[in-house]
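Peer 1: Sequence:
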Amino acid sequence: MLVKFLGVLDLVAAAWMILAQNNIVSIRIGLVVFAYLLLKGYIFRDNWISYIDFIVGIYALFLMFGTSSMLLSYLFAIYLVQKAIYSIFW
20 MLVKFLGVLD
30 LVAAAWMILA
40 QNNIVSIRIG
50 LVVFAYLLLK
60 GYIFRDNWIS
70 YIDFIVGIYA
80 LFLMFGTSSM
90 LLSYLFAIYL
100 VQKAIYSIFW
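Going by the working numbering, the first residue of the sequence shown is number 20, and it counts up by one from there.
Mixed in with the good hints, there may be bad ones.
Simulated pairs of lysine-lysine, PhoX-like, Cα-Cα distance not exceeding 25 Å [unchecked claim]: (1) Lys23 / Lys102; (2) Lys59 / Lys23; (3) Lys102 / Lys59.
No lab work stands behind these hints: they were computed from the structure.
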């Protein structure tokens, strides 16, 4: 059940990343996404995939302040979506 919930949160983070790249959402939601990804990366640090979550969280911080790359935003969003789909349906 926790894995499915984390998958849904990954989908929310991916959606925020796409919307933030296009300047559609606020920074407040970005702070939650940033904290979620960093916390998840820290808690599950035994798994190397969680280091990628940590990196995506740091990138979310850059994205909030306008220092971002469209390519990285979409790549990280695709990463989060595929991870979310795997978490929800596995």
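Peer 1: Among all the numbered hints in the text so far, which are the ones the structure does not match?
Peer 2: Hints that this structure does not satisfy do not exist here, as all of them hold.
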